Amino acid sequence: MSWLRNAVHRAVEASGGPLLTRTVRSSLGTVVHHAGQAVAGGARLINDRIGSRSYKSMRLTAKRLEDAALSYRGEDRVQLLRRWLVMLRETQRAAAAEKEAKRAGHPDQHLPVLDLYMDYETGAEPMNFIHVFLYSQALECLVLSMIMEFPTEEEASLLSEVFGLCLPGGKDVHNAILSSIKELAKLFSTYHDEVLAKRAELLQFAQCAISGLKINPEISRLDDEILQLQQRINGMDALRSNSTSRRSKASQTVAEGFRTAVNEIRLCSRMEELVLMKKSMHHGNSFETYFEKVNKLKVLSESLANSAAKAERRIMENRLQKEESLIFRVTKTNEVSVTEKEILAEISGLQKQKDLLEDELKKVNNILNAAVMKLKKTREERDQFDEASNQIVLHLKAKEEELSRSIASCKVESSTVGAWIIFLEDTWKLQSLYEELRKKQANDELDKCATCFAKLINHHLYARVEELSTCIDSIKTFVDNLKIFDNRSVSAEDGNNGSSKQSNPRKYLEEEYLEAEKKVVAAFSLVDNIRAIYLSNQDYQAR
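Going by the numbering used here, the first residue of the sequence shown is number 585, and it counts up by one from there.
Simulated from the structure, these hints should not be mistaken for lab results. Nothing here was measured: the structure is a model prediction, and the numbers come from that model. The beta-carbon is built from N, C-alpha and C at its ideal position, and this holds for glycine as well. Wrong hints could be hidden among the right ones.
In silico DSSO-like links for lysine-lysine, alpha-carbon gap of 30 Å or less [to be verified]: (1) K960 with K946; (2) K1091 with K1060; (3) K770 with K894; (4) K770 with K755; (5) K1067 with K1103; (6) K770 with K882; (7) K1039 with K1102; (8) K647 with K766; (9) K798 with K755; (10) K946 with K936; (11) K906 with K925; (12) K683 with K755; (13) K1060 with K1102; (14) K1039 with K1103; (15) K798 with K882; (16) K683 with K647; (17) K1023 with K1013; (18) K1039 with K1023; (19) K1024 with K1013; (20) K1102 with K1091; (21) K925 with K936; (22) K755 with K766; (23) K947 with K958; (24) K958 with K946; (25) K770 with K798; (26) K894 with K882; (27) K683 with K640; (28) K916 with K906; (29) K1091 with K1103; (30) K938 with K925; (31) K961 with K946; (32) K1102 with K1067; (33) K1091 with K1067; (34) K1013 with K995.
Pairwise CB distance ranges, derived in the manner of DEER restraints [stated by the list, open to error]: (35) T1035 with E1095: 37 to 47 Å; (36) I817 with E674: 32 to 42 Å; (37) G754 with R903: 50 to 60 Å; (38) R667 with R903: 51 to 61 Å; (39) C792 with D651: 15 to 25 Å; (40) E705 with I899: 58 to 68 Å.
Sequences and hints are given; from them, build the entire structure.
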């Protein structure tokens, strides 16, 4: 609204008059305020409508439609087409009834309830089923399904009716599109081996082509809004042309006239904006994309035609080579037949010679077999004699080898035993020498240990004797003192319970007695250990 306010301010200031300027500014502010209130009220109304009823997800519904269009086949596809056609017709009738009610000025008229769909990501206005169907790729996927599997007559009829609701043009155009789809399906059913063009790419081109033919729901909305704005502008023009009397002009205030002018300008500006939006919308392929796809298919078609022509030329060359090879085979067969006859005659003569030679060969074979048997017997006798002679020679040779091995073993064993005797004598001398040195060293160490052990025993025993004498004297003193304290009363001992060592001398004397007793026990234990160690050393030395 700010651009409209600034434009009107400049126009009024240019025309002159401060009073008029103030009046226009105040009126314009009022108009802008009312327009803002109207927009806010419309937003609240939309929010109330959204809050009062539930909406389905537009994107999820579109995805389900596309999946169903691609996956259904046979009778399921027929049922799917019937359901979609019924829903499209009902939605179209309900939308037409709603428009008619608004046009007739009865917005509160009871209308059929439609399923509405919301795009929760963009927050756009709710859509009916036709808008969602056109927004999705369901129609394109349905056409692809028809191309991949040839449609029946019922499917073709239902698809033609769907085209009437989703594509522009008349029935002739829709029939032409349907015929093209059938032709594509027929060709696609025989197209299995891909050479240059890919099946998926061709299906994508067909999908984009159908997308370009579909009715754009956004353009339809813009057309409806443009039509309403045009009707309002025409109504304002009619009112302005009818109010020609001076009295009505004089009675009209400056603010009302300005408000009317601002409304007309705003309507014209909105209409221009909608027309520009409609002009800027592009649906389907652009010209560059279309030109690029067609050129690509033309190039593929030319390449395939060239490949087919080359293949045909190769077929012709192969046929010529085949004819030449057949002619050569016939000629060669005739030559071989003549040669075959000559060879057969020669074979017949050779066969007769073979029969004669075979008879003579049988006689020679009989004589040869007798000589071979005689030679075999002679060789067997010689082999038996040679075998007996070889056994005798081998036996004597084995005896000789056994005796030779025995002599060699005796010699080796004798030399080994002699070396062993020398080794044992040498090692015994070394062992005796080392044993004497070890004993001498051990005796020296034992003397040192005995001297050290005696010193330690003397030291510890003297210390323990002194400690024992001191402890025994202390024990005697403690015993005498305890006897003195035993004669005291029990009450005095109970009163001194829990006191310090000075207040409880008996407890102190008992503790000192126990300490002295521990020292005595420790001293005797040390003496016993020293005696045991000394006795064990004496036993070891004796052994």
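Worksheet item: Would the pair K1060 and K1102 pass a check requiring their Cα atoms to be no farther apart than 30 Å?
Response: The given pair, whose Cα atoms are some 15 Å apart, holds under the 30 Å limit.
Worksheet item: Under the criterion that the straight-line Cα-Cα distance not exceed 30 Å, is the pair K1013, K995 satisfied?
Response: Since the Cα atoms of K1013 and K995 sit roughly 28 Å apart, the hinted pair holds (cutoff 30 Å).
Worksheet item: Does K755 lie within 30 Å of K683 when you go C-alpha to C-alpha?
Response: holds, 25 Å
Fill in: Range agreement (Cβ of E674 with Cβ of I817, hint 32 to 42 Å)
holds, 34 Å
Worksheet item: Is the straight-line distance between the alpha-carbon of K1023 and that of K1013 30 Å or less?
Response: holds, 15 Å
Worksheet item: Straight-line Cα separation of K947 and K958 no greater than 30 Å?
Response: OK: K947 and K958 at ~17 Å, within 30 Å.
Discussion item. Against the 30 Å threshold, does the CA-CA distance of K683 and K640 hold or violate the hint?
Written reply: OK: K683 and K640 at ~23 Å, within 30 Å.
Worksheet item: Are the Cα positions of K755 and K766 separated by 30 Å at most?
Response: With a Cα-Cα distance of about 16 Å, the restraint between K755 and K766 holds, given a limit of 30 Å.
Worksheet item: Regarding the pair K1024 and K1013, is the alpha-carbon distance no greater than 30 Å?
Response: Holds, at roughly 17 Å.
Worksheet item: So does C792 sit 15 to 25 Å from D651, Cβ to Cβ?
Response: Hint holds: Cβ distance 19 Å, inside 15 to 25 Å.
Worksheet item: CA of K770 to CA of K755, is that 30 Å or under?
Response: With a Cα-Cα distance of about 22 Å, the restraint between K770 and K755 holds, given a limit of 30 Å.
Practice prompt. Return holds or violated for the Cβ distance of R667 and R903 against the range 51 to 61 Å.
Written response: holds, 57 Å
Violated hints are absent here; each numbered hint is respected by the structure.
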